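For the record, the sequence lines run as chains A and B.
Quick note: the first sequence uses this note's numbering, first residue 399, plus one each step.
Quick note: the second sequence uses this note's numbering, first residue 17, plus one each step.
The set of hints was computed from the structure by calculation and includes no laboratory data.
Incorrect hints may have been included.
What the hints assert, rightly or not - In silico BS3-like cross-links for lysine-lysine, where the CA-CA straight-line distance does not exceed 25 Å:
hint : chain 1 : residue 1 : chain 2 : residue 2
1    : A       : 655       : A       : 632
2    : B       : 679       : B       : 667
3    : B       : 819       : B       : 679
4    : A       : 704       : A       : 723
5    : B       : 782       : A       : 655
6    : A       : 591       : B       : 805
7    : B       : 667       : A       : 596
8    : A       : 596       : A       : 655
9    : B       : 679       : B       : 896
10   : B       : 540       : B       : 896
11   : A       : 591       : B       : 782
12   : B       : 515       : B       : 1016
13   : B       : 648       : A       : 655
14   : A       : 546       : B       : 1016
15   : B       : 645       : A       : 655
16   : A       : 591       : A       : 723
17   : A       : 591       : A       : 655
This one's a predicted model, so the numbers in the text were calculated from it and none came from an experiment.
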Amino acid sequence: MATFPEYIAQNEERDGVRFSWNVWPSSRLEATRMVVPVAALFSPLRERTDLPPIQYEPVLCSRATCRAVLNPLCQVDYRAKLWACNFCYQRNQFPPSYAGISEVNQPAELLPQFSTIEYVVQRGPQMPLVFLYVVDTCMEDEDLQALKESLQMSLSLLPPTALVGLITFGRMVQVHELGCEGISKSYVFRGTKDLNAKQLQEMLGLTKPAAAQGRGPQTAPQPLSNRFLQPVQKIDMNLTDLLGELQRDPWPVTQGKRPLRSLGVAMSIAVGLLECTFPNTGARIMTFIGGPATQGPGMVVGDELKTPIRSWHDIEKDNAKFMKKATKHYESLATRASTNGHIIDIYACALDQTGLLEMKCCSNHTGGYMVMADSFNTSLFKQTFQRVFTKDVQGSFKMAFAATLEVKTSREIKVSGAIGPCVSLSAKGPCVSENEIGTGGTCQWKICGLDPATTLALYFEVVNQHNAPIPQGGRGAIQFVTQYQHSSGQRRIRVTTTARNWADAQTQIQSIAASFDQEAAAILMARLAVYRAESEEGPDVLRWLDRQLIRLCQKFGDYHKDDPNSFRFSETFSLYPQFMFHLRRSPFLQVFNNSPDESSYYRHQFNRQDLTQALIMIQPVLYAYSFNGPPEPVLLDSSSILPDRILLMDTFFQILIYHGEVRNQAELHLFTKQFHLKENASDLIYCLRCF
Amino acid sequence: MNVNQHTPMASPYGQPQPGYTQPGYAPLDGGYPAPYAPYNGPASPYQPGAPPQGISGPARGPPTTGPPPISAPQQYNQYSHSQGDMQNGPPPMTQAQPRPPVSQPYNPGAMNMSGPHPTYPQHYGPPPTMQQVSNQMSGMQITSGPPTPAGPGYAPPHSSQPPVSTAYSAAPPPSYTQAPPPVSSAPTQPPPSGPAASQQYYGSPPPPSQQPFNSSLPPTSQQQFTSSSVPPPPSQQTLPPSSYSGPAPPAGQPPAPPVSQPQQSFPPSQPPFSSAPPPTSQPAFAPGPPPTAPGSFPPRAPPPSSQPGSYPPPTSAPSCQYPGPLPPQQQPPPSQPFPYHSGPPPPRAQMPPTSMAQSNHLPPGPQGPPGPPGPLQQPPSQPGMQTGYPPQQNGAFGQVRGPQPGYAGPYPGQPNYGAPAPAPAPAPPAQKRLDPDAIPSPQASDMPAVQKSRHRIDPDAIPSPIQVIEDDKAKSTEPFTTGVRGQAPPLVTTNFQVKDQGNASPRFVRCTAYNMPCTADMAKQSQVPLAAVVKPLATLPPDETPPYLVDHGEGGPIRCNRCKAYMCPYMQFIEGGRRFQCGFCSCVTEVPPHYFQHLDHTGKRVDCYDRPELSLGSYEFLATVDYCKNNKLPQPPAFIFLIDVSYNAVKSGMVSIVCQELKTLMDYLPRENPEMDSIVRVGFVTYNKVLHFYNVKSSLAQPQMLVVSDVSDMFVPLLDGFLVNVNESRLVIESLLDQIPEMFADTRETETVFGPVIQAGLEALKAADCAGKLFVFHTSLPIAEAPGKLKNREDKKLIGTDKEKSLFQPQVGFYNTLAKECVAQGCCVDLFLFPNQYVDVATLGVVPVSTGGSVYKYTYFQAQSDQERFLNDLRRDVQKPVGFDAVMRVRTSTGIRATDFFGSFFMSNTTDVELAGLDCDKAITVEFKHDDKLSEETGALMQCAVLYTSCSGQRRLRIHNMAVNCCSQLADLYRNCETDTIINFFSKYAFRGVLNNPTKAVRDTLVNQCAQILACYRKNCASPSSAGQLILPECMKLLPVYLNCVLKSDVLLPGADVSLDDRAYLRQLISCMDVTETHVFFYPRLLPLMKLESGSLPVAVRDSEERLSKGGVYLLETGLHLFLWVGASVQQELLLNIFGTPSFGQIDSSMTSLPVLDNPFSQRLREIIDSFRAQRSRYMKLMVVKQEDRAELIFRHFLVEDKSVSGGASYVDFLCHMHKEIRQLLS
């Protein structure tokens, strides 16, 4: 048998899952004593190039409370054409289409190598992708110009059938009607007044089709586009011109004032527009902002320049008068958007804060991106934005929409909650734990925006009682069912079924300890800590974190009492304390020297990135470049600084370069070359803060 | 008895005259006062007469000539007098014609006449107006008698009477005879004879007549006069001689002039006068009696007839209207007869007629009785008339009737007016006319005539607006100079040039009274409204200089320290020029060093004539930054066009028409320097249930539309690119205007909003920080959900109830608030309505009316037929000079103060009239009340200052100064009033009144106040006379007819077919009209088109169906409507000339413009129509009305002297009613 690290890597490779423990303590009591809960980092859309194209729908367990998907762990009676659900033990008939099934003719979903499998659902209409640009016009011409170019560029990246819409805002909010000839039209809204979906619908004149339908039920279903959202192929030129003519917000800004920026209403209108035209359809609201909202609902700072935007200090002193109200506004928007499966991206480019603290839920709850840069005229923004539209080998966007993740568990284990870019769907079920961790109380979550790197932390609770031992060799299974809208417009269902062995902690503590995945555990604990940090005082969280570490050490460390030097950790735990150390001083838990916006931004990234990236965030990587050989990782220590080295520190958010002593041109050139190699290899958001 | 009464009348006349002669008066007054009390009139009149002339001379004098000018006014008096006299002598008939003839042929003679008149005239003068006339008329008989006696004292009155009397005496019989005819029904005998006679009289008779008068008159009136006249005698002597010249007929003409300078002028003027008076008198007379007569007369008629024979009846006839009066009158008549008996008979005969004709008309009625006999006699007398006075009388009648005939002919009046030349001719025609008129009566023969007269008051015998207008025209031949305080300008219907010599031109300011009562008590007693109609930015004709722009430098205009009045000619420089004393508050203010100038020996600054503000009545100051909002110089104004694009708007073609036109109009935005481009910026909005703003920034390839659907909370979606310079954005704008009709061609949206539309414009102006004007093109009741949403509340059942007033009030308070905001920003709103049904003009109009804007309404708009009218209105509205963000303040000298304002504006306090926009067509009527005493020495000063932003963005102050005289005698007040302006005031007062009172109450109030005015005159200024007599002041003799027009207007008395919207529309429209517009609106101009001459217009005829000849074609204009009425049996040649078709049946009554035919007639007619249109602020669509066509109903609505379908009284009926009211007040 392979070593645990290999096993872990293999599982991650195949299923995108990493558990904190790969052998599970078999009772609730023991599980709690493990300190680190049984939990998993799960990347639902982890890239798999080898998945078979399955054009039919999954076979479900017939028990209403179960509905688990047929998977390789199920017992199958080929002769009776029956299969037993491995979660509820219900015996199910195969559907007629499986008549030809036999040991040698197994459907893909029964093959062990396809413990993760993807079904392409054929029913239902082909859903268009919807991209709604929400563009701030209160910015310097240079910035605006750069942004316009980026947006125009993005049009060429969109599939021709994708629907696009444009909302611009400054003091007013303009919803542009696309595809009109001659005069370009837009609907304008006051930036200070929030509108509900119904009002908006009336004001945009979107109620007519409904009325028409009322009259003639025979009429074709509502067209999948309207005046505001039109296929790229149709209005490409039009929109390019429109963007080209986009002007800075013309309203005068007097000395000592901030421009009036109606961000809150603009987002509200964007959400409302999609809400009433494309509910439950994948859509991406891309918000580009050049500063904080200064009026209307969602304003985070007044327009007086002399009043600075809130700092952590203000927040602690309860001196941020707009924060609560604004947060509430954006939370309600996030809820509306996520309910309908719409993503909200925030691209904030400004030297000062823009209110990400208040707006974070919009991205966090909908799986949207949050990007923070100094200017739209930076390669950071430009390249990052470009990467949003990255395509996979099949030419599809590496993004997925409107996903729901459902978790099904064996009886012995229940799901406590999830931490990540998701919202609860409040689906009660037999596998829902009463003990909530993160977003809990449900076995289904909505993830409006997904990309291959999106990773959720899922926490489980072993509910098996100590006095009900699990038979030797028993395995606990967990099935992740992710339904999502593929960027091709197809509805797809990805099913991942995993199982782990149970072990009695009293007798098999060693095997459990050996199955510890300290990297996963560190990230899972970090997510918990960050999650708590959102609502609790910083010191409390740190204390909690410390206590957890101590308890873990107590439980698994090898030491003599009162002799610190005697402490030994097994290899599977050895790095864990180091991770905790870096975590304690990371910007995720420390707000000192960070603005509220920055903290929000860091936490946002941390909560959605996969394990590798998350680890880099916690513990930066330091590479040394020299003429003596290939780049090598070195210690995060001053001892790594040598005169003949160039040091490159990758913190995920930033890449720091230490030149050592004066280098000549040749050396710099070489370095640059090497560095570019590195950059190209980096992940989606990896470059966010490059330079 | 009657005579006596009459005499009093005469005296009144005398007074009136004084009034006219005010100038003279003042001086005279001193002496007069005493006499005045009783007959001040007479006594003073005389002198006044002269003075008046002097005074009036300036005003009116010019026309007549040096003396004439003076006399001019007098002339009026005289005229009136003469008329009166004439009338007196020969009732209406004679009067009219006589005068004309007299004046012309007799200028001298007339002079004499007038001369006497002057004396009398003056008496008459006042009376001259209808009242006088009537008085005279009625009184004539009486007075004639007494006057003569009084002659000495009242020589003048006598003279007036004298004429009559003379006529009486000399040709008393004839005159009587003549007179009678008129009385009977002027038409018949008298007229003919009258005219002829009168003419003749005038021709040569005048002198004789006067003499006769003197002789005769004195005798007749002696009694009365004696008493009162006693004092007068001396004066008379002085004047009398001249005036008496009458008496001095010998001196006759010559004397006349001497009499009072006026007289001198008179001679010339006389003609006019004669003409003028006649008409007036005539109308008054005839109408009064006839109508009533018909009604009530029958019964009375008998009695009268029985009594004096015909007299009673006639009288009764006149009085008929006033049954009450009549009876008494009738009785009096009998008595009259007595007086008459002596020489009276004729007098009586004449008297009645005259009286009738003059003013009392009705009262005359009693006289009428005498008249009847007269008529009877007349026939015979007529011949005599010609020879002797009778003629005059007859003439008068003749004239009176003449008019009628004249009308028939086209210009019955003309002859009269024509005075000299026409006179003669007219006379005969008159006779003819008389005959025609008389036809009924004549046929009846004298007796029957009388009887008939009872039944019917001859419309020709009552004051005729046409006559007055024509007289005034004839008088005003020289420029009107404003240098002399308190002179009334020519009528608004007269073309005259103005020379600013220190008071504002009447084009800017017109007053109801140019002789204000000194005390509140007097004002209250007289009930004459003290008001001024100010049209601050009025356009001047090309030959008059627009107000100069004065720059006082950085310190701004020099002002009085205390009352803040601006530097003006009324400021008195003292202490060598180092200080000046304010003419308004008497406060002394230092002259700033840079403004210092030495004084000359008269105490005037030596640079007086170099500085407009020291020598002119109207000028402008350049305002400094202190006069600007927020202490910031104003931004250039903006025009925003807001176009309804709902289904109805598109379908009617309105949208495409507007867009098409705007493309052109962009080049005609207002500018001050024609060489420069206008700096007015423009913006465009379309709307239905939502609003579409357009970005037309020059840098755009295509306009951008910005839709604002959140109408509940309006805002402007863009700033940059909304208001643009036309030249810079021309291409984009044109592209936009091309596309708008296309974009909405298929719209199905039928609902509209309105409140948000104005809010949008307002917000846009706010955002641009400028003032401006919104042009809203709207079609329907705004029922879409939005602020200012309205519901249909048209409920005809409410009409006539106490709730009716609510229909004039806005439905919701929203628009009032909005209007206030608009005014604060300087946002003026012009509303073009294209309704197919009720749109609630009362509510929609609130904002336009409060912001100095206009409402235009095109009901059932159809592109084809209404396009021209709409486009012309639009063009004018866009192009006309306009000021923005204006504040008007009226300062007055201590003693009075401006208390109330009427017009299109908003007031947030009691003194400042705020106008978001003020264009050249808007007039504001200001009412003054006493808060202390005024002095006759200083007169009453007023200064109207308008602070505004010109269309070139310059902040300016326009100042209009006006000084009027003050008087301590009611007679003076009544001598110098302007009826047209009074009507303007009354109409606005009443139209505002309907907001808060039932229309019935408003009407009653109006009638009541007028009755009080006239009763006060009768009581205080006219000599005692029979209660049956209606005596009207000369200058107010048209008050009843005009007032009746106001009372009959759609607003106050709607017909069944008049929509609530129409009423509200008119109500709002009138509120900002100036005097010219109200005049023609209430008394439309009706031109006979049978003969057209280039260079002059045909003389109008009175607005009555009787005046229309089946064989004729008439043009009627009201300032809003233009009708071409075609008689059923019109000549083929006319048809060919006008329509190019020989057949009446082939005339297309739906045409809105006449075919362009190459014949002089057609050309001239079209010229006339074009010139009419050019005169009015709104384009009049031509409606061709064929007689007996259905459309004729609409046309008839504007024949305001007739009974209206909606129940409005005819002129004659109303006059009788007024008389009754007056009598009730007097008793």
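Verification of the hints:
1. 655/A x 632/A: 41 Å, violated
2. 679/B x 667/B: 20 Å, holds
3. 819/B x 679/B: 46 Å, violated
4. 704/A x 723/A: 21 Å, holds
5. 782/B x 655/A: 20 Å, holds
6. 591/A x 805/B: Holds, at about 21 Å.
7. 667/B x 596/A: Cα-Cα ~31 Å, so violated.
8. 596/A x 655/A: Violated: residue 596/A and residue 655/A sit about 34 Å apart, past 25 Å.
9. 679/B x 896/B: Roughly 17 Å between the alpha carbons, so the hint for residue 679/B and residue 896/B holds.
10. 540/B x 896/B: 40 Å, violated
11. 591/A x 782/B: The hint holds at about 20 Å.
12. 515/B x 1016/B: 44 Å, violated
13. 648/B x 655/A: Status holds; Cα separation ~22 Å.
14. 546/A x 1016/B: Distance ~70 Å between residue 546/A and residue 1016/B Cα, so the pair is violated.
15. 645/B x 655/A: 24 Å, holds
16. 591/A x 723/A: 14 Å, holds
17. 591/A x 655/A: 21 Å, holds
Hint check: violations occur at hints 1, 3, 7, 8, 10, 12 and 14; the rest are consistent with the structure.
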